[in-house]
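There are 2 protein chains.
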Amino acid sequence: MKKNSYISLPVIKRLPRYYRFLGILKKNGTEKISSNELSRQMGLTASQIRQDLNCFGGFGQQGYGYNIEQLYAEIGNILGVNNKIPTILIGAGNLGKAIATHMEFSERGFDLIGVFDRNEALAGQMIKGLPIRHISGLYNFCKDNSPAVAVLCIPEESAKEIVEQLVKLNIKGIWNFTHYNISAEYPFLSVENVHLSDSLMTLSYQLNN
Amino acid sequence: MKKNSYISLPVIKRLPRYYRFLGILKKNGTEKISSNELSRQMGLTASQIRQDLNCFGGFGQQGYGYNIEQLYAEIGNILGVNNKIPTILIGAGNLGKAIATHMEFSERGFDLIGVFDRNEALAGQMIKGLPIRHISGLYNFCKDNSPAVAVLCIPEESAKEIVEQLVKLNIKGIWNFTHYNISAEYPFLSVENVHLSDSLMTLSYQLNN
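The listed protein sequences correspond, in order, to chains V and W. Under my numbering, the first residue of the first sequence carries the number 1, and numbering increases by one thereafter. Under my numbering, the first residue of the second sequence carries the number 1, and numbering increases by one thereafter.
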C-alpha cells in the first residue's frame, strides 16, 4: 500500500467513517453513489468528499458516481481490516462482555484469541466461544500465543499495573476504555482511547447551549 | 454563562478533555498546575493550552500556574455538568448494563430515571437502583416523566422505529451507540454518536502503518 504515505492525517481520520457509510450502502445493494448523495448522507461537503477520495485513486467517474464495492475494499485495505492481529481482552465485566459480544473484531483486522478477568468466579465461562481465563494466566498465555493488541475494559485503578505487564509481554497496541493516560507513559505504543464520559459531556454541552 | 458565545468550536471540543484531566489532578489533591506541566500530561502544546484557557477567564497567574479547582468548576459549568437532565436508557443488554452501571450520569449533567428493554424476561431486574421496564411502557413513562434525553444501546435494526417514537415523545437529545444515522433524519436533535468500530479501525490503521 505505497499510496498510504500520501494520505494526510485529517483524511485518515475520516476513513473509518467513509468505510462505515460505504459498508451500509454495500449491504443495501447500492452499486454507485454520487459525491452529492454521499455528502448528504455523511454531512460533509461534496467537494470535501471528492478531494478525500481522490487521495487514493478515486474510483469515481464524472456524472456517474463512485463504485461502492471497489472504494469500500480499497479503504478497508488502507485501514488494515483484512489483518488478523492476535488480540486479547482484559476485563470481562458488563463492558468487556458487551465489547466481546458486539464488536466484529474479525471484520476490523483483529482476531480475539483470549479473554481475562481477575474475578475467579468468572473463570471458565464462555464469551464468543472463548473461555474467560484468570488474569494469573496472562503471562503464560502471552508467551505461548504472542498477542499484539489488548482491549482494556478494567477499573481505572488496575490499569497502570496491567499496562506495565502488557508492555513487558510485547503488546504493541491498546484499545483503552479506561481513563489511564497510557500514551504519556508509553509513547511508543499504539493507543486508541474510548472516553465515553467525554462523549456524554459533549452531548451535555450541546443541550446546554 | 454569557461568556460561552465567545468560545470557538475547536476549543469546545477540547473542553471534556480538559475537564477529565483537571478532574484527575483535583482528585489527587493538586491545587495548581503550570501550562507546561498540563501540556506534558495532555499532549497539547503549552501555548495551545494558554490560548484555550484564556477563552474563559484563565484562572492562571504568570509563573504560578492555574487554579485547578476554579478552572474545573468553570469548565464544568460551561459543559452543564450541574444540570439534571432527565434521561432514559433504551436497551439493557450487556452494553446497556455497562453504560448504566459505569457512567456517572449525575456528574455529567444527567439524571437517569428509566431503563427499557424489549425483552420481557428482563422486566423487573434492577440496574443502578432502577427497574428494567418493558418497552411497551415507554409512552406512558414519557408522558408522566418527560425525559429529555435517551441513551440508545439497542440493535441497529430497531433504531429507526425507536427514534421515531422518541421524537414524538419530545426527546431532545440522543446518546447513540447504534450506527443509525439519526442526524440525517432529525437534524434538529442533539445527537452524540459513539462509533466503537470507527475507534477500533483507527487502532488497526495505526498498527498497520
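Don't take each hint at face value.
It does not matter which identical chain is used: a pair holds within one copy or between any two.
Stated by the list, open to error - Subject to a maximum C-alpha distance of 27 Å in a straight line, what follows is the list of computed BS3-like cross-link-like pairs (lysine-lysine):
id	residue 1	residue 2
1	Lys160	Lys143
2	Lys32	Lys160
3	Lys84	Lys27
4	Lys128	Lys13
5	Lys26	Lys84
6	Lys27	Lys160
7	Lys172	Lys32
8	Lys168	Lys32
9	Lys26	Lys160
10	Lys26	Lys143
11	Lys143	Lys32
12	Lys128	Lys32
13	Lys168	Lys26
14	Lys13	Lys143
15	Lys27	Lys143
Simulated from the structure, these hints should not be mistaken for lab results.
Hint-by-hint comparison with the structure:
1. For the identical chains of this complex, lysine 160 and lysine 143 are intra-copy neighbours only, at 21 Å inside a copy versus 46 Å across copies, given an alpha-carbon limit of 27 Å.
2. Within a single copy, lysine 32 and lysine 160 get their C-alpha atoms only as close as 48 Å, which misses the 27 Å cut-off; across copies the closest is 24 Å, which meets it.
3. Proximity of lysine 84 to lysine 27 under the C-alpha cut-off of 27 Å is restricted to the intra-copy arrangement: shortest distance 23 Å within a copy versus 40 Å between copies.
4. Neither within a single protomer nor between protomers do lysine 128 and lysine 13 lie at most 27 Å apart by alpha-carbon distance, with minima of 30 Å and 36 Å respectively.
5. For the identical chains of this complex, lysine 26 and lysine 84 are intra-copy neighbours only, at 23 Å inside a copy versus 41 Å across copies, given an alpha-carbon limit of 27 Å.
6. In this homomeric assembly, lysine 27 and lysine 160 come within 27 Å of each other (Cα to Cα) only across copies, at 17 Å, whereas the closest approach inside a single copy is 41 Å.
7. Neither within a single protomer nor between protomers do lysine 172 and lysine 32 lie at most 27 Å apart by alpha-carbon distance, with minima of 38 Å and 35 Å respectively.
8. Neither within a single protomer nor between protomers do lysine 168 and lysine 32 lie at most 27 Å apart by alpha-carbon distance, with minima of 48 Å and 34 Å respectively.
9. In this assembly of identical chains, the alpha carbons of lysine 26 and lysine 160 lie at most 27 Å apart only when taken from different copies (19 Å versus 42 Å within one copy).
10. In this homomeric assembly, lysine 26 and lysine 143 never come within 27 Å of each other (Cα to Cα): the closest approach is 40 Å inside a single copy and 39 Å across copies.
11. For a Cα distance limit of 27 Å, the shortest separation of lysine 143 from lysine 32 qualifies neither inside one copy, at 47 Å, nor across copies, at 44 Å.
12. Proximity of lysine 128 to lysine 32 under the C-alpha cut-off of 27 Å is found in neither arrangement, the shortest distances being 35 Å within a copy and 47 Å between copies.
13. Taking identical chains as interchangeable, the C-alpha atoms of lysine 168 and lysine 26 are never at most 27 Å apart, the minima being 42 Å within one chain and 31 Å between chains.
14. Taking CA atoms no more than 27 Å apart as the test, lysine 13 paired with lysine 143 passes in neither setting, with 34 Å inside one copy and 41 Å between copies.
15. Neither within a single protomer nor between protomers do lysine 27 and lysine 143 lie at most 27 Å apart by alpha-carbon distance, with minima of 40 Å and 37 Å respectively.
Of the hints listed earlier, those the structure fails to meet are numbers 4, 7, 8, 10, 11, 12, 13, 14 and 15, in rising order.
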